[in-house]
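Generate the whole structure from the sequences, applying the supplied hints.
Okay, here's what each chain looks like letter by letter:
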Amino acid sequence: MPEGHTSTPFHGWVWLTWMTTILLCVSLTRNPLYLVVVWLCVAIVHAAGGMGELAGGNTPFPFWLSLLVILVGAVFNALTVHVGERIIFVLPGNLPFLSGRVTWEAVVYGATNGIALSVILLAFWVFNRNVAISSFLRMLPRAFHSVAIVASIAITFVPLLQRELEQIQEAQVIRGNDLSGFRNKLALLLPLLISSLEHAFQLAEVMTARGFLKSSELTHAAIWRGAFLGGFGLMLGGWLSRFWGLPGWAANLLFVAALAIFGIVFLVESRQVHFTVYRSTRFRLRDALAMSGPVLLAVFFVFHRFVFGEQLLDYTPYPVLTRPPFKPLVACLLLGILNPFLVTLFQSHDSVS
Amino acid sequence: MIQFHNLSFKYHSHQRWVIRQANFAIPSGSFCLICGSSGSGKSTLLRLMNGLVPHFSGGILEGEIEVEGLNPVQAGPGKMSQKVGFVFQDPETQFLLDCVEDEIAFNLENAAMPAAQIAQRITDTLQALGIAHLRRRKLESLSGGEKQKVAIATVLSLAPTILILDEPTSQLDGQSAEEVLSLIQNLARQRRLTIVMAEHRLDRLLHFTDWLVYLPGHGEPLLAGEPRRILNQMDTVPPMVQLGKWLGYQPLPLSVSEGRQMLCNLGLDKVYNNNRSAQSPLVNADVPMPVLSLENVSVRFGNTQAVSQVNLQLYASQIACLMGVNGAGKTSLLRAILGLVALSEGCIRLLSEDLRGVPTWKRSRLIGYLPQDPNALLYSETVLEELLLTLRNHGYPEDIDKALGLLERLGVSAHAERYPRDLSVGERQRVALGAILITQPLVLLLDEPTRGLDEKAKTNLAQLLRSFAKQGMSILVVTHDVEFMLTLADRLLIMEKGRIIQDGSPLAALRQSNLPPAQLLQLFPDQEFRTLDEVWQTMGEALSRMPDRSDRPASLACHSDGNRLLLQE
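So the protein sequences, as listed, match chains A and B. For the first sequence, the working numbering begins at 1 and goes up steadily by one. For the second sequence, the working numbering begins at 1 and goes up steadily by one.
In case anyone wonders, no lab produced these hints; they're calculated from the structure. Keep in mind it's a predicted model, so treat the numbers as computed, not measured. Among these hints, one or two may not hold up.
Listed next, the in silico EDC-like pairs over lysine to aspartate or glutamate satisfying Cα-Cα at most 16 Å (straight line) [to be verified]:
| # | chain 1 | residue 1 | chain 2 | residue 2 |
| --- | --- | --- | --- | --- |
| 1 | B | Lys458 | B | Asp235 |
| 2 | B | Lys10 | B | Glu62 |
| 3 | B | Lys458 | B | Asp447 |
| 4 | B | Lys83 | B | Glu68 |
| 5 | B | Lys79 | A | Glu205 |
| 6 | B | Lys362 | A | Asp178 |
| 7 | A | Lys185 | A | Glu205 |
| 8 | B | Lys362 | A | Glu170 |
And the structure:
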């Protein structure tokens, strides 16, 4: 494929499911061994992009960032959480938050959180590189069209700001600022803020000139907001009714009424937003195959957490550091994250043969 | 049809009317060019036509405006967008999505057009603009010129009856600007579209302009009408028109062919330039040692050889211009000199000192660098503070008198307490220049300094640079602007594929290159006129040598004040 051309090997829903499953895994387990497996799977999918197996892998993820996040997580937790029995050393004195024993348990827990955060960063990076903004916009329901446009603006702003920051850094250096210390680096913030605001203003002008700010949409937005507030009011009433001693059916009635309002507003709003979809991507068999692994994993994690409890996935190094459990079945299911890579790999082999 | 009825407008923050008593009409299907110096109100006038002003900006408006039967002030920009397409200056900030096809489709999707129709509309628009090959390209991979063409395509896809372009080439380099201007010329010829465009490069557009609007600025009423009539009343006009005005020739020539015809009719087509050898030396004999010396300099980005084995010596008081097509390595060379990119080979010496290992911030004391966008350098609260900040960065004492003196010399001392980003493009550039010159560098590097400047600002910049060179500064200017180069340079370097392929006197090097010739060189192909003043001087001499004035093909008489000639009917 020629350089600079777009490609969409998988349907947007595949990547959305993939991303959601990873977030689910990260939020439901703190077992460092499983998290490392997840991190490796995501890294392989990302690297596959770099090898040309998947779209958009041309900008490599800065892997040093993962190490930094893990390191910062471990050090921060070790210095601020003085729990655990395997003591490394004791910080003397009365330093607020810092003084006390520094334990291996706290180091491991902090590093585990760091791995989880690193997985999220890496997964978002892969998602961003593989899902075109237009696909993202088209995945969202009509009622959220204006929200989608705002999201797309935010996404397009990121590379723009990155370029702006590079320009400002350069401008500072050619005016004699060596940017060595923290104070010198602060000089980048104000110009970045000024140019961001200027860009925002220009973009708003462009959007207005293109006719995106129409009075009818504004009216709908007001109705939308009003109805939403009403719905939330009913929900809040339902929740508070328990404290007032009202019967359970009354609370449930309020909840159902709130949901009904949300549903009606959603439908009405969807009908009033007029736009067409130019390129609706077909959901193919390969999309289903790529999606199957993450879906199976998500179902397993949710099922286990809410049906069988927490034994299989949970781990905590406190109060005494022990070896985290490692079930091969869970590890095999985690490999489902690799599905987009595997499907592309087998397909490219088929096409070559 | 666009009609202004005694329209005046001013912003709330301004005391003076930006537009005063505009009373004119632009006929449907015509090409209207709007000109005037930076800050004269061109953008405001354009934004009045689609309602962005006053809806977006606020302000006080008197009189009326009517665009295709609608009043933009009442209708608002949302409704006007169905009739008026608007292309902005900066192509970078006009896009929402990441792919060309999706960007164009986005507008049409929002107009609820059926998918099949969208596909056809995209194909038609891209083909009409000659950019069908960009359809599936990512926007970030496009050049500035290509991005601006896509911005035009995005607007045209909605089939407006009026296309407004606000200095669409001001943020582009010379080559990209040429591409966009050619595209607009084709559009004007092929489509029955009313095109209203604000632009500084009048020489490229005048010959197919139906209607010219000139904003003198400073709150003076604008002039609008047939181009030749308005040009007669304007101070700053392209060289060809200026020559016609000096010769008192009517109708004024608007293109090179009309210019040749004028010279032929006046019997001046055979004038000979006697001063052609008066070129500045390539090597300054008084100072044998070069100030800046590049020895086998190469720069590599991954697999791309951006600069290859460049040898260059720059002497004190010398102004060298560096030209070449996009991607030739010009900007990379400047950045390498300053240490912003690493050398893969070779070395750079300032006087006799090897700059290897010297960081950019230290180099910048003695090597000033003005990047393409001067805005990037401006972020202090006042103009004066910009200069003092540079002094502080370099550890020099804050010498306010010195800073004010430099601002005076740059012609912006009146704005010392103003916010720099509120100034016009030319003024901002001079402030940025002040911010790098306050350390009195030995060498000055400028990257595309004429981008977005009007003729007057360009002339001022050339004068300023010459005055700095006279004081011993070595100046290296990257530019695509041939006219500017000819008025400024002692020496011309031409780069191609990372190498310097020509190095010599400007006219000689230009003749041996593939670069587009300046208007004067097209008008006098066998002569070596660099500026209009040279032409005028030679013509004056030629006319004074003519024995019998009555023998001349057209009756000319020398005018006593300033060699002005009058055509006697």
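Evaluation of the provided hints:
1. Note on Lys458 of chain B and Asp235 of chain B: the hinted pairing holds, with a Cα-Cα distance of about 14 Å set against a maximum of 16 Å.
2. Using a Cα cut-off of 16 Å, the hinted pair Lys10 of chain B and Glu62 of chain B holds, with the two alpha carbons roughly 9 Å apart.
3. Of the pairs offered as hints, the one joining Lys458 of chain B and Asp447 of chain B holds, with about 14 Å between alpha carbons and a cut-off of 16 Å not exceeded.
4. In summary, the hint linking Lys83 of chain B to Glu68 of chain B is supported, as the alpha carbons are separated by about 8 Å, within the 16 Å threshold.
5. With a C-alpha separation of about 14 Å, the suggested pair Lys79 of chain B and Glu205 of chain A falls inside the 16 Å cut-off, and the hint holds.
6. Pair hint Lys362 of chain B plus Asp178 of chain A holds up; C-alpha atoms about 8 Å apart against a cutoff of 16 Å.
7. Only pairs whose Cα atoms come within 16 Å are accepted, and Lys185 of chain A paired with Glu205 of chain A is rejected, the gap being roughly 31 Å.
8. A distance of roughly 13 Å separates the Cα atoms of Lys362 of chain B and Glu170 of chain A; the hinted pair therefore holds under the 16 Å criterion.
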